[in-house]
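We have chain A; now place chain B onto it with these hints.
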Amino acid sequence: GAVVSQHPSWVICKSGTSVKIECRSLDFQATTMFWYRQFPKQSLMLMATSNEGSKATYEQGVEKDKFLINHASLTLSTLTVTSAHPEDSSFYICSASGIRGSYEQYFGPGTRLTVT
Amino acid sequence: AQSVTQLGSHVSVSEGALVLLRCNYSSSVPPYLFWYVQYPNQGLQLLLKYTSAATLVKGINGFEAEFKKSETSFHLTKPSAHMSDAAEYFCAVSDRGNTGKLIFGQGTTLQVKP
Numbered sequence: 014g015a016v017v018s019q020h021p022s023w024v025i026c027k028s029g030t031s032v033k034i035e036c037r038s039l040d041f042q043a044t045t046m047f048w049y050r051q052f053p054k055q056s057l058m059l060m061a062t063s064n065e066g067s068k069a070t071y072e073q074g075v076e077k078d079k080f081l082i083n084h085a086s087l088t089l090s091t092l093t094v095t096s097a098h099p100e101d102s103s104f105y106i107c108s109a110s111g112i113r114g115s116y117e118q119y120f121g122p123g124t125r126l127t128v129t
Numbered sequence: 029a030q031s032v033t034q035l036g037s038h039v040s041v042s043e044g045a046l047v048l049l050r051c052n053y054s055s056s057v058p059p060y061l062f063w064y065v066q067y068p069n070q071g072l073q074l075l076l077k078y079t080s081a082a083t084l085v086k087g088i089n090g091f092e093a094e095f096k097k098s099e100t101s102f103h104l105t106k107p108s109a110h111m112s113d114a115a116e117y118f119c120a121v122s123d124r125g126n127t128g129k130l131i132f133g134q135g136t137t138l139q140v141k142p
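Chains as they are written, first to last, in the working numbering: chain A, 14 to 129; chain B, 29 to 142.
Looking at chain A on its own, in the form it has when it is part of the complex (with noise of 0.2 Å):
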């Protein structure tokens, strides 16, 4: 149990478009959903909080016009990285939890996001 979901796991898109990255929850109802960008060798690094039917909260630096997250079902987040560019090129990991309450957190596999 408590299957997180991502898609594309790895997709490579010209500057200046838009990339959607979607998170599901496939066994369990997510409360909430997290979203981390991930540089190689480096840590996870968390870009926003989102909770179902609201805004999503950005950590301070995060663009939110840039970094799209939407969170329209218990089982659903997505994040869209708009007008890409080179530098959004990253490792992107969503995570989510509301198991009975708990607050731990199930990962998803990551999606490899490389801008030209």
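If a hint is listed, it holds; no wrong ones were tucked in.
List of simulated lysine to any residue pairs, SDA-like, C-alpha gap at most 20 Å: (1) B:K86 / B:L48; (2) A:K33 / A:A85; (3) B:K129 / A:Y116; (4) B:K77 / A:S56; (5) B:K141 / B:S42; (6) B:K129 / B:A29; (7) B:K129 / B:V57; (8) B:K86 / A:Y116; (9) B:K129 / A:Y71; (10) B:K129 / A:L89; (11) B:K129 / A:Q55; (12) A:K77 / A:S28; (13) B:K96 / B:S56; (14) A:K54 / B:T137; (15) B:K129 / A:R50; (16) A:K54 / B:G135; (17) B:K129 / A:S67; (18) B:K77 / A:E117; (19) A:K54 / B:D113; (20) A:K54 / B:T136; (21) A:K54 / B:H38; (22) B:K141 / B:N89; (23) A:K68 / A:L81; (24) A:K54 / B:Q134; (25) B:K97 / B:Y53.
The following residues of chain A were derived to be distant from chain B, with all beta-carbon distances above 10 Å: (26) Q42; (27) G66; (28) P99.
To be clear, the hints were calculated from the coordinates, so they are not data collected in a lab. Quick reminder that beta carbons are idealized off the backbone N, C-alpha and C, glycines included.
Frame of chain A; chain B shown alone:
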């Protein structure tokens, strides 16, 4: 504010040797603490967690960690390393608050030599 420091960005052990990955935390409230493992190009897998019950926590794959409040530490150990243990390990702290946010350490790469 909370923070996590992992001492040693790279640890190398021989197969069969003891694994010790160090983690120190800072928290103004009693923390929840976690250890995660990450294999290349994959997400994170929970190894174990401390949530204020027993201070010695046993996890998957033979790993365990001990919460020491006086030392603000939560070091990860495994008696005998396997080649399959080679991966990136992250220590994380949560404030138990409604946000449930995790603060991660910098990570430690574990290399296991044959």
